[in-house]
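Using the hints, position chain W against chain C.
Protein chains: 2
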Amino acid sequence: MTERIQEFLRNRRNEGHDVEPCLVVDLEVVRDNYQSFAKALPDSRVFYAVKANPASEVLSLLASMGSCFDCASVAEIQMALAAGASPERVSYGNTIKKERDIARAFALGIRLFSVDCTAEVEKIARAAPGSKVFCRILYDCAGAEWPLSRKFGCDPEMAVEVLDAAKRLGLEPYGISFHVGSQQRKVKAWDRALAMASSVFRDCAERGINLSMVNMGGGFPTKYLKDVPPVVQYGRSIFRALRKHFGNQIPETIIEPGRGMVGNAGIIETEVVLISKKSDEDEVRWVYLDIGKFGGLAETMDESIRYAIRTPHDGAEMTPCVLAGPTCDSADVLYEKLPYPLPVTLEIGDKLLIEGTGAYTSTYSSVAFNGFPPLRTYHI
Amino acid sequence: MTERIQEFLRNRRNEGHDVEPCLVVDLEVVRDNYQSFAKALPDSRVFYAVKANPASEVLSLLASMGSCFDCASVAEIQMALAAGASPERVSYGNTIKKERDIARAFALGIRLFSVDCTAEVEKIARAAPGSKVFCRILYDCAGAEWPLSRKFGCDPEMAVEVLDAAKRLGLEPYGISFHVGSQQRKVKAWDRALAMASSVFRDCAERGINLSMVNMGGGFPTKYLKDVPPVVQYGRSIFRALRKHFGNQIPETIIEPGRGMVGNAGIIETEVVLISKKSDEDEVRWVYLDIGKFGGLAETMDESIRYAIRTPHDGAEMTPCVLAGPTCDSADVLYEKLPYPLPVTLEIGDKLLIEGTGAYTSTYSSVAFNGFPPLRTYHI
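In order, the protein sequences belong to chains C and W. The numbers in the numbering used here rise by one with no breaks, and the one at position 84 of the first sequence is 84. The numbers in the numbering used here rise by one with no breaks, and the one at position 100 of the second sequence is 100.
Next up, chain C with everything else stripped away, as it sits in the complex (with noise of 0.2 Å):
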């Protein structure tokens, strides 16, 4: 929570515009993580995950920072160059791809692409002929709070076979890729992903085929609840299991943080709509916000993110609260199965901060899941 905001939020308040949750995210805060990221990682080059917050305000200020970016979409890609990256700046970083997508891409000078299996390698064979491509291999995520499932990646003996197909084809096989799990905690999460990527180097080596480049993806942990090490902490520890994975042939890397770049650097303000209880007996109170799974904070998805919560009354009394949405949806609950504990004073109409919110909130908002409209967003 930054000063800047707080004017912010301040000045709106007094304006009379506080009648819808916002999110406000400090780009101060977004620069810091970036050159903290920088000098952590300082032979590392970093694409932001634009998935994450992709305002206009944070890619142009990544841009002219000089970071590359890991794009999902076309309309990412667009977006990217728009904010002032040059296209050798840009990964086409999602696995699942149309091919008409793929020359798109190629069309708008995008030479760099994910592929995890032979039949996307085809593709990008077709549509753009000579590109760059790395492979993702799977990887179990343990230690993470949001880990990822078995969709994106390969076996790494399935990996030497799409990079021996991607050769055969006329691209280049440039490397690997891999993702430790969102919001990683376990600084040395990488070590073993990283002997696993020296270990398909070695085997494409076998084969003839010389990788140049490791992606050791996102992961990077933003402060929700519980306190996380710092980005420097990360990087050293990276840099000993390259050193003791790879010896003395240290390849390129990238990383691609996303949420560990603007999590923090973003605040959603919110109004408390209504408290209930469901009998007089209940001990737990339901506390009803003006935002909830469908209006941004879809990452509560099985209570997985936890969110701090600031409200005006913090240092009173505590009792557990069920948090939810204000929607008609009876799955629009934030936390239930472990209640939030709030403030025994917390009133209808008190305005909450959310912490931790600049990454996976704006854009994952309902287009108008029961006429409520997207969250508005404010870059300061």
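Please note: incorrect hints may appear among the correct ones.
Each pair may be met inside one copy or between any two copies, as identical chains are not told apart.
Heads up, simulated SDA-like pairs for lysine to any residue below, C-alpha to C-alpha not over 20 Å straight-line [stated by the list, open to error]:
1. K226 <-> S212
2. K278 <-> D203
3. K351 <-> R100
4. K277 <-> R376
5. K186 <-> L81
6. K167 <-> A125
7. K337 <-> I209
8. K188 <-> T253
9. K278 <-> E157
10. K278 <-> M196
11. K337 <-> D302
12. K244 <-> Y34
13. K223 <-> E355
14. K277 <-> E157
15. K278 <-> E161
16. K132 <-> M1
17. K223 <-> K244
18. K278 <-> E122
19. K132 <-> G109
20. K277 <-> R150
21. K337 <-> S304
22. K278 <-> L338
No lab work stands behind these hints, which were simulated from the structure alone.
Structure of chain W alone, referenced to chain C:
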């Protein structure tokens, strides 16, 4: 799947407009559904649950047929009024409302509000004096495919207190409401809920509060993979339960179909973007579509709603597939715990038709997650 939708999709394809997924809703089916409800429950007023599909074409059609509207927000109220409904045909059916939104609804002529606690009654007494209120009671929803949480409603005993408060504060304690759970396939579910309702009627009468309305909510199913009973069976069963529990003093009744009104009227056309395996040994193929959880299929959450899917290869041998969406989000997987059988001959680029998608799809769509545009919709 109607002839009209088939023809529409054929034309769209011939014109080359099929580059993105889309939802097509056949208004003739909506018309038939409305008539079925009106015939099956001739003494109930139909309040269409606008949140299920708020397209102006759907609202205008239903308004012209005499439907009333259950609205979750002021925006939905405005849409219902714009579609031609007069204010007395509109209820503000969300139990969670900001006081200033109640005032806005009141200014638009709305006089019927839903509550489930005294705090909400107090807001309505201040912002919409003299209005009718109905209190939602908790019901446990056994038998529903999308069972509701405890988010809405209060214990029956508390409902009596809430309605008593309404009376004391100058409101009209009009009745009670319940919801048997969405996609409720047990016609008898309403029997137990109506027993509860009649008991609240009696308890209120003892305090001198004479209720006159039971809002029996929605929950009427639409056909996905399994067959569902026709609405006429629900009508008969509900009528029997009303007679059983209310004798010769049957109250006014309201039903709020949403899914049952529009679900089977819609088809989503989607494209197969990628088919792959994670390793050579894997039995299960991964099939990636250009629509997923964040493009409109939010109800596949926890694999709750299992849609019927048609392919151009129906009749061929089937193999189990994990079905996933196109975003870089590992949670964007539709069916994995119980893999979905699809033809072995399925190919990248094939168009699939997802049936029963007229409800709870278009507005759930995210604004721009991963840069993908919201679901395109056509109401024909």
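Hint by hint, here is what the structure shows:
1. For a Cα distance limit of 20 Å, the shortest separation of K226 from S212 qualifies neither inside one copy, at 37 Å, nor across copies, at 52 Å.
2. Taking the shortest Cα distances, K278 and D203 sit within 20 Å of each other only across copies (18 Å), while inside one copy they are farther apart (61 Å).
3. Within a single copy, K351 and R100 get their C-alpha atoms only as close as 46 Å, which misses the 20 Å cut-off; across copies the closest is 15 Å, which meets it.
4. Proximity of K277 to R376 under the C-alpha cut-off of 20 Å is found in neither arrangement, the shortest distances being 30 Å within a copy and 40 Å between copies.
5. In this assembly of identical chains, the alpha carbons of K186 and L81 never lie at most 20 Å apart, being 34 Å within a copy and 54 Å across copies at closest.
6. When the C-alpha separation of K167 and A125 is checked against a cutoff of 20 Å, the pair qualifies only within one copy, where the shortest distance is 10 Å, while the shortest distance between copies is 73 Å.
7. Taking identical chains as interchangeable, the C-alpha atoms of K337 and I209 are never at most 20 Å apart, the minima being 50 Å within one chain and 37 Å between chains.
8. For the identical chains of this complex, K188 and T253 are intra-copy neighbours only, at 17 Å inside a copy versus 62 Å across copies, given an alpha-carbon limit of 20 Å.
9. With identical chains, the CA atoms of K278 and E157 are at most 20 Å apart between copies only, with a shortest distance of 10 Å across copies and 55 Å within one.
10. Within a single copy, K278 and M196 get their C-alpha atoms only as close as 52 Å, which misses the 20 Å cut-off; across copies the closest is 16 Å, which meets it.
11. Both within a single protomer and between protomers do K337 and D302 lie at most 20 Å apart by alpha-carbon distance, with minima of 9 Å and 16 Å respectively.
12. With identical chains, the CA atoms of K244 and Y34 are never at most 20 Å apart, being 26 Å at best within one copy and 69 Å at best between copies.
13. Proximity of K223 and E355 under a CA criterion of 20 Å is satisfied intra-copy only: 9 Å inside one chain copy versus 42 Å between copies.
14. When the C-alpha separation of K277 and E157 is checked against a cutoff of 20 Å, the pair qualifies only between copies, where the shortest distance is 12 Å, while the shortest distance within a copy is 55 Å.
15. In this homomeric assembly, K278 and E161 come within 20 Å of each other (Cα to Cα) only across copies, at 12 Å, whereas the closest approach inside a single copy is 58 Å.
16. Proximity of K132 and M1 under a CA criterion of 20 Å is satisfied in neither setting, with 41 Å inside one chain copy and 43 Å between copies.
17. For a Cα distance limit of 20 Å, the shortest separation of K223 from K244 qualifies neither inside one copy, at 29 Å, nor across copies, at 58 Å.
18. Only between protomers do K278 and E122 lie at most 20 Å apart by alpha-carbon distance; the minimum there is 17 Å, versus 57 Å within a single protomer.
19. In this assembly of identical chains, K132 and G109 lie within 20 Å of each other by CA distance solely inside one copy; the values are 12 Å within and 62 Å between copies.
20. Taking CA atoms no more than 20 Å apart as the test, K277 paired with R150 passes between copies only; the shortest distance there is 11 Å, against 40 Å inside one copy.
21. For a Cα distance limit of 20 Å, the shortest separation of K337 from S304 qualifies both inside one copy, at 11 Å, and across copies, at 19 Å.
22. In the homo-oligomer, the alpha carbons of K278 and L338 lie at most 20 Å apart inside one protomer (17 Å), although the nearest pairing across protomers, at 35 Å, exceeds that limit.
Consistency note: the structure conflicts with the earlier hints numbered 1, 4, 5, 7, 12, 16 and 17.
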